[in-house]
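*Asks:* The sequence shown begins at 11 in the numbering used here and counts up one residue at a time.
Heads up, some of the hints might be wrong.
[Stated by the list, open to error] No more than 20 Å apart at the CA atoms, straight line, and that leaves these computed lysine to any residue pairs for SDA-like:
no., residue 1, residue 2
1, Lys189, Lys171
2, Lys82, Ile133
3, Lys192, Val92
4, Lys190, Gly103
5, Lys82, Ile13
6, Lys84, Pro54
7, Lys194, Met102
8, Lys221, Asn52
9, Lys171, Thr155
10, Lys40, Glu68
11, Lys138, Lys82
12, Lys84, Ile58
13, Lys194, Pro54
14, Lys221, Ala236
15, Lys224, Lys138
16, Lys224, Gly93
17, Lys239, Glu48
I should point out that these hints are in silico values taken from the structure, not numbers from a laboratory.
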Amino acid sequence: MAIIGLIIAGGVGARMQQAIPKQFLTVYDKPIIAYTMEKFENHPAVDIIAVVCLDGWEHILESYAKQYKITKLKHIFPAGAVGQESIKNGIMGLTEFYNDDSIVLIHDAIRPNLSEDIISDCICSIKKNGFTVVVVPCNEAMMETYNFESSEKSFPRDNLKRTQTPQGARLGQLVELHKKAKEKGIINSVATCTLVTETGSTIYFSTGSSKNIKITTQEDIDIFKALLKQGK
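Given these sequences and hints, build the entire structure.
*Replies:* So this is what it looks like as structure tokens:
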């Protein structure tokens, strides 16, 4: 049984308004995706790293892996038109090399600050429960809106969780998940955790962290820089 970090790096980074996809932007002279790969490289339980990569960036990814000594990178799969398709491409690609019992941790390339504890807890939950998503408590008041200007309804925050990545399961479970999605005509679910519930299954929680940030804006890069300085 292999434990695989499947890193999704297929986004074009439109919200960042940069010519370079955000996963390949550099922070302190190191690409964001290199930070992310290093987290899985350095985790003792992770055997394999696979990356779903934006078309045209495969050779750059390989050069980064060599430069930063990412020895666990064994597979690069093509990205799809949307996130769900990219994840499916990675899952189906892994089936050519690994058995159904293998554990797959699906992780955003632009979450470069995950910790060893987050990975470990996610692995434990997958082994025990199956489908798992990393979550943190919702500490803010949550309002529902349809006009994006006002609201007449709130949600009790104690009943809500903010999801992060990794999200994952056994490889066989993930294959069946995407087969069910195809049968139901679901083609653009937000994430693996939403796809699980949309196809009628249960998703379990493992522990995340507010430091496990997703880099989508310049402000997020500033926060990541501060976290790196704190870590040093």
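*Asks:* Check each numbered hint against the structure and report the violated ones by number, ascending.
*Replies:* Result: hints 1, 11, 13, 15 break, sorted rising.
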